[in-house]
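Based on the hints, put chain B in the right spot on chain A.
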Amino acid sequence: MQIMDGIFVVFNLIAIYLSVIWIVIYLSNKNNIFKNPFSKKLPSVTILVPAFNEEKNIEKCLKSIKNLDYPKNKLKIMVVNDGSTDKTVKIVKKFKEVKLINKKRGGKASALNYGLKFINTDLIVCMDADSFATRNYLKKAVGYFKDTKVAAVSTAVKVKKLSTISSKIQWVEYLISIVFRKLFAILDCQFVVPGAGGIYRAATIKKVGGFDSKSLTEDMEMALKLQSKGYRIENCLDGYVYTECPKSFKDLFKQRMRWYRGYLENFKKYSNLFLNSKYGNFGVFFMPMTILWIFIVVTMLLIQIGTIIYDSINGLIFWSLINYAIVWPNISLDLFTIDSLTLAMYISLITGLFLSWIGIKTGGIHNIKGRKFFYIIYFLIYPVLFSFFWLSAIILDLLRVKKRW
Amino acid sequence: MVKRKVNWRIYITAAFITLVVFSLGVGLGFYISNEKYDIIRYDLENLQLKQKDIELELLLISSIGEQSCDTLKYEIEKTASLSSELGEKVSYYDKEMIKNPEFYILKKQYIMTLIEFWNYWELFKKNCNSSVNTVLYFYAINNCNDCQAQGFVLSFLKDEYPEKIMIFALDKDEDLYSLNLVKNVYNVTKVPTLIINNEKHEGLKDINVLKELLIL
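Taken in order, these protein sequences are the chains called A and B. Under our numbering, the first residue of the first sequence carries the number 1, and numbering increases by one thereafter. Under our numbering, the first residue of the second sequence carries the number 1, and numbering increases by one thereafter.
A couple of the hints might just be wrong.
In the DMTMM-like style, the derived pairs of lysine to aspartate or glutamate whose C-alpha atoms are separated by at most 25 Å in a straight line are [said to hold, decoys possible]:
1. K95(B) <-> D122(A)
2. K108(B) <-> D311(A)
3. K89(B) <-> D334(A)
4. K158(B) <-> D334(A)
5. K89(B) <-> E97(A)
6. K95(B) <-> D173(B)
7. K95(B) <-> D311(A)
8. K95(B) <-> E265(A)
9. K99(B) <-> E59(A)
10. K158(B) <-> D311(A)
11. K107(B) <-> D339(A)
12. K107(B) <-> D334(A)
Heads up, incomplete: computed chain A residues facing chain B, CB under 7 Å, no partners named [claimed, not checked]:
13. Y17
14. S277
15. V284
16. I322
17. F336
18. A344
Hints listed in this document are in silico derivations from the structure and should not be mistaken for laboratory results. None of the values given here were measured: they were computed from a predicted structure. From the three backbone atoms N, C-alpha and C, an ideal C-beta is built for every residue, glycine too.
Next up, chain A with everything else stripped away, as it sits in the complex:
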């Protein structure tokens, strides 16, 4: 048991340290995270919507793009139909200003690459068909491209429909990620530009050879590629784009298997950045931290599962010794039932919660109220769910189960 206690202490220490790092970065940048650089001369933009059987969502998506507060002569809209078999094409044709390009089915990355060939604007926005932008998001975000080193700007992604438990949990998850993306950007460590409104410098994307159509997560692959080539990825904290999320836990599992296995795949591909000070914080801090964090999360889950199994078997044996008589557990909260070490360890929980609170406060500036229930289920379910997904992703990878989109 003493080894376990030791592991527990070390893990908690690391968890506290990581939380404190993010809190320090947040507090020292608190006053300017919402300030976006303003550019007088707006760059020309093509909004690229890759679509495969999106008849349900694409209309809303295109409408939101049409409504964007951006000069019409600088905004082009392009839908790449990736071999849809439903009414997607018919719906898109209703929008006169939208350029429609048809191609054979080849996946999202191939659709993006195909569309890239027709683009002659300064910037390109990847807009998933199941997302929709808020009116002023683009104008807020394009200023970052004044810095010529900036190759991409990520947005603040929020979940829209909240009908199921799974989507409520994701609502909080996305909310907290919003501030994290900014903090990552401050350290030059953004590892993904989400397809919900992510903005790229078109010339740079073309120069690095476009998206990798073999990757499970082409958006993460692109971000790591840009990081490895010394470009910067910025974040616009209040450029809100709404997106759909998996409604059932089963669909969420499928999505996360793709994401997290994509993570592992990309980390392997760009392992030369690992601990390499040439790549700044990304190599020295972000990559080791992520690997360490995944390791901790998965180990803790395994220890928990092991403990639960051991305790239940033991409990059953103990119970059989007293002829399965009913015993009321005597829960008393005097000083002696509280392990002083465990109490000290709650610090990591407190720092973690504080960090989450910063995330909720910053990301949910407009709609934080009336959703206390969401936070409760989030904090109860998410940690276990997240660890479980990571464990599953690692197991699937070890078993070499075929990767799929």
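Just chain B, lined up with the frame of chain A:
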């Protein structure tokens, strides 16, 4: 490619804060642990005082020949409940990671008190014709899953027959002359071992076996 920045200052600042916060946490742990230690010490002194009192009473009974078994029974039982409360505290504290370094002395004192107390019970049983069962229970803290099970069964039984059973839980691995003497007398080599009314029983015993061995 331009060499990129590493914000060492942030990492060092965070490390420093973490260290401070963690030390505060550990400090709090030590403080609570010390509070518990003080409680145990106080309870132990209280118990020892009561026990001395009973000892004196037993001495008086045997010399003067006064028969006041009912009062004695009441007193000795009250002391017993003090003793078992203290026992729980000691075993909780024993499992903790942060302990007062002087706890091992306290634990030895506690075991000695317990053996002494067991001895009074035996004397009481002899002098007052009591049918209370005395159970000496030898356990080990580490690597003894059966001990945990035995402890669980015993405390369940004690809850069921609070007035008929007296349990004295002794850590077999403590090094004390008095404890060694008891161990030698009953030839205790394994854990868990139960000495029920002066008879040795080795190994884990479930509730059915125990109910047969005890006079209930």
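For each hint, the structure was consulted:
1. Proximity of K95(B) to D122(A) is assessed by CA-CA distance (about 66 Å); at most 25 Å being required, the pair is judged violated.
2. Restraint check: the Cα-Cα separation between K108(B) and D311(A) comes to about 31 Å, which exceeds 25 Å; the hinted pair is violated.
3. A C-alpha spacing of about 10 Å is found between K89(B) and D334(A), which places the hinted pair at or below 25 Å, so the restraint holds.
4. Between the alpha carbons of K158(B) and D334(A) the distance comes to roughly 21 Å, so the proposed pair stays at or under 25 Å and holds.
5. For the suggested pair K89(B) and E97(A), the alpha carbons sit about 78 Å apart, so the restraint of at most 25 Å is broken.
6. Straight-line distance between C-alpha atoms of K95(B) and D173(B) comes to about 15 Å, which keeps the hinted pair within the 25 Å bound.
7. A C-alpha spacing of about 17 Å is found between K95(B) and D311(A), which places the hinted pair at or below 25 Å, so the restraint holds.
8. Our distance criterion of 25 Å between C-alpha atoms is broken by K95(B) and E265(A), whose separation comes to about 44 Å.
9. Under the criterion of a C-alpha separation no larger than 25 Å, the hint pairing K99(B) with E59(A) is inconsistent with the structure, at around 66 Å.
10. Of the supplied pair hints, the one linking K158(B) and D311(A) holds, its CA atoms being roughly 23 Å apart against a limit of 25 Å.
11. With a C-alpha separation of about 18 Å, the suggested pairing of K107(B) with D339(A) holds against the 25 Å cut-off.
12. Note on K107(B) and D334(A): the hinted pairing holds, with a Cα-Cα distance of about 20 Å set against a maximum of 25 Å.
13. The beta carbon of Y17(A) is positioned within 7 Å of a beta carbon in chain B (closest approach about 4 Å), and the interface hint is therefore held.
14. The interface hint given for S277(A) holds, since its Cβ lies 6 Å from the closest Cβ of chain B, which is under the 7 Å cut-off.
15. At its closest, the beta carbon of V284(A) sits 5 Å from a beta carbon of chain B; the interface hint therefore holds under the 7 Å criterion.
16. Among the interface hints, the one on I322(A) holds; its C-beta lies about 5 Å from the nearest C-beta in chain B, closer than the 7 Å criterion.
17. For F336(A), the interface hint holds, since its Cβ comes within 7 Å of a Cβ in chain B; the closest pair sits about 4 Å apart.
18. Evaluation of the A344(A) hint against chain B yields a held restraint, the C-beta minimum of about 4 Å falling below 7 Å.
Violated hints, listed in ascending order, are 1, 2, 5, 8 and 9; each of the other numbered hints is respected by the structure.
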